[in-house]
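Following the hints, position chain V with the ligands against chain Z.
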Amino acid sequence: MYEITEKVELSHTVYLFRIRAPRIAMKRKAGQFVVLRLNEHGERIPLTIVDSDTGEGTITIIVQEVGKTTALLCEMGKGDRILDVVGPLGSPTHIENYGTAVCVGGGIGTAPVYPIARALREAGNRIISIIGARTKNLLILEEEMRSVSEELFITTDDGSYGHHGFVTQVLQNLINERRKIDFVIGIGPIPMMKAVSNVTRPHNIHTMVSLNPIMVDGTGMCGACRVTVGGEMKFVCVDGPEFNGHEVDFDELIRRNRSYLKEEKIAMEEFTYHEGKRCYERGA
Amino acid sequence: MDPKEIKERMKIPRQKMPEQNPKERVRNFYEVPHGYTPELAMEEAKRCIQCKKPLCVGGCPVNIDIPWFIRLVAEGKFIEAARKIKETNALPAICGRVCPQEDQCEKVCVVGKKHEPVAIGRLERFVADYERERGEVSIPHIPKWTGKKVAVVGSGPAGLTVAGDLVKKGHKVTVFEALHTPGGVLVYGIPEFRLPKKIVEAEVDYLRRMGVEIVCNAVIGKLETIDELLSNGYDAVFIGTGAGLPYFMNIPGENLVGVYSANEYLTRINLMRAYEFPEYDTPVLRGRRVVVVGGGNTAMDAARTALRLCPENVTIIYRRSREEMPARIEEIHHGEEEGLEFKFLTNPVRFIGDSEGRLKAVECIRMELGEPDESGRRRPVPVKGSEFCIEVDVAIIAIGNGANPLIPRTTPELKLNRWGNIIVDQDTGKTSKKGVFAGGDIVRGGATVILAMGDGRRASEAIHTYLTTGEW
Ligand SMILES: Cc1cc2nc3c(=O)[nH]c(=O)nc-3n(C[C@H](O)[C@H](O)[C@H](O)COP(=O)(O)OP(=O)(O)OC[C@H]3O[C@@H](n4cnc5c(N)ncnc54)[C@H](O)[C@@H]3O)c2cc1C
Ligand SMILES: Cc1cc2nc3c(=O)[nH]c(=O)nc-3n(C[C@H](O)[C@H](O)[C@H](O)COP(=O)(O)OP(=O)(O)OC[C@H]3O[C@@H](n4cnc5c(N)ncnc54)[C@H](O)[C@@H]3O)c2cc1C
Ligand code: SF4
Ligand code: SF4
Ligand code: FES
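Top line first, the protein sequences correspond to chains Z and V.
The first sequence lines up with residues 1 to 284 when you count with the working numbering.
The second sequence lines up with residues 1001 to 1472 when you count with the working numbering.
Keep in mind that the hints are not guaranteed to be accurate.
Some chain V residues close to chain Z (C-beta under 10 Å, calculated; not the full set) [said to hold, decoys possible]:
#1 LEU1179
#2 TYR1265
#3 PRO1278
Hint data in this document are derived by calculation from the structure and do not stem from the laboratory.
Each residue gets a CB set at the ideal place from its N, CA and C atoms; glycine is no exception.
For reference, chain Z alone in the conformation it holds in the complex (with noise of 0.2 Å):
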């Protein structure tokens, strides 16, 4: 059992818990995540672990309201415990000094961002940075992220706040500036991440991004993260999950995403129905 220590509202649909897990606390990289099982009923989903505390033994991880699993966690407070919590799985970020590096976070997308940017300042890069979010109040981690860069972009799709408009249009206008780019991150949802993949790959600038496939294990058995990079096949979570941003199959990759759409809808009507299912271990 992991016992969930601190839970912060970031947005109405975001919040950030601090899970104790002192073994993986130890041990994870930026770039790394967990596969968490809240309960005996419950499906396996993976998360990105953004920070960790090894004094505490606990890891922070961020997450967004999405389905059943995610509003099931949402639900759950200080004090609960998860049943299983795996880790830390897949590649850390390859992290060096390339100079200026332009890290890109779209909606909670920020979250797996944020201590990407901080390792690659601690190797020495110049960080600028662009977060986005569909509306002011869904935008998170505004200070972390302006604590680690030298220049931080917000940009909200409806101009609530910030730059009126997409993330991409800002990376767009810093390589029309000429601005010095030896490096970008992209994380966000799929069509964000194709879309600063397509803004980078004629300037030939070395990107990267973060792909969230459906997982299942998270250990390279079953091939459900499959995904063709390169023309080839890769388990997102061994192999990745940050890939070269100008070789990924974004098309592909977003229609296995919705393999289980109907599915998906038939769990979360049932979890808001039926009040009786919401069983997880509470805090005492």
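Just chain V with the ligands, lined up with the frame of chain Z:
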């Protein structure tokens, strides 16, 4: 035994196991055979003529004293029989169910020369179930701690055997398992209707009661490396991580929605219980028309599982003919009874999807058998121009598994063969790295439960010697 009695015994027909009728069982996940009653078991046990030089023992990879335990069954001493088996086989309820007996102990049984062989597997299963169901499983005496600690990586049959053997010798044993439930393929691969999960649970529980520590959610190579285990207090490590990397066919359309590896399909259903969705949260696509590609046990398990999700039909596509199918005869027979269809000498060449990327058909080509290959089986060759399409919405690929790279990637000193399997000394399970042993599917590639256990047995003896003498 005098010749007259032998003759009498030979007259007894092989006793059938009562089983659920096919129409009923394709709609549930309960075990197919019900197992022998005590009367049937005693009758079957009488068929053994108690050979002085029993060939059956040599046919069993762990050399169970078969005539001895069968004599005890004939005398109605079921608990004693169970204890006799457990001297050499820690998991009889499992082996009695899943061993390919027809290729092992029963293949060489003398009675089988003229009649049907003694049903050794069924008897083994009966006594193990009898002992467990009566709660008469006794914990053996555990000697005082030797001061040595062993880490076992992977909780499949190989790892569990090593853990049981070494704890009985007084060593402390910790088993690290990547998934949330121990048992390896026994829990995530082999379906409930062939091996009920409560049996695996009981075996794991037995090990716990003997003092084995089992840590789930621990992916070695990620959470801790082999080197870290060795420097953090473990005196030896056994790697029993299985063959858990699914092969795909490298043909167009394999990433369409609806194409599964057998591992994913079976894991969703067995480990995550997707057949009880939405009671359980993990979904699986049930499909109207399902094809399974492959001819082994895994293909049969996937196909019979698919049948139980009530599609219109389930077809096995196999590139050779029925005679070459590696699956157990009993399983093929069960599958046919349940309504499984077969397309032999057929191979998929591409999967075809709709505009949303969902599988809608598979294009196949007919094959014919040519010259024998390295394995001695005749090589299938495509017949030019014989392509045809089948409409399907779920396809399950069951063409085998390779070695998972997580441990080798973080332990470069381990020598591997060209398929990525760990190379060991056959008699001891020693790897190229001091203090590290390996066995089961990670060494052999996809093999069997009993071979994995046999590897575990030999490795545990070598580990014990290494721990007591310190000599590598
Ligand atoms: C390596 C990795 C890291 C991730 N990190 C985070 C993170 O830090 N924070 C966060 O909020 N989410 C993260 N995700 C996504 C998260 O796993 C999914 O949101 C979650 O599985 C949805 O489960 P659900 O039952 O709530 O929703 P469901 O009802 O299952 O699905 C709702 C929606 O989410 C999509 N989805 C379903 N399953 C997955 C899945 N396994 N992965 C991705 N999308 C899925 C579906 O396409 C659907 O549109 C990550 C995914 C991966 C692969
Ligand atoms: C569907 C199917 C049906 C089968 N049917 C039969 C049958 O009827 N009869 C028969 O004799 N054989 C059968 N087999 C084969 C048999 O199951 C295997 O040969 C046997 O289970 C191998 O045992 P093992 O201990 O080597 O590995 P496994 O049973 O594969 O167990 C390995 C375990 O190690 C864990 N692991 C892997 N990597 C790590 C890591 N890095 N850290 C921690 N843990 C890790 C895995 O999660 C797994 O639990 C079948 C196989 C399949 C897939
Ligand atoms: S363990 Fe397998 S091979 Fe050995 S006696 Fe039992 S069924 Fe036969
Ligand atoms: S070979 Fe057959 S008859 Fe002879 S001892 Fe073994 S089981 Fe009995
Ligand atoms: S999630 Fe199963 S192989 Fe990646």
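Interface hint outcome for V/LEU1179 [beta carbon to chain Z under 10 Å]: holds (7 Å)
Would you settle whether the hint for V/TYR1265 is holds or violated, based on the nearest Cβ-Cβ distance to chain Z being less than 10 Å? Holds, about 9 Å.
Evaluation of the interface hint that places V/PRO1278 against chain Z, nearest CB under 10 Å: Holds. Min distance 5 Å.
Of the hints listed earlier, there is not a single one the structure fails to meet.
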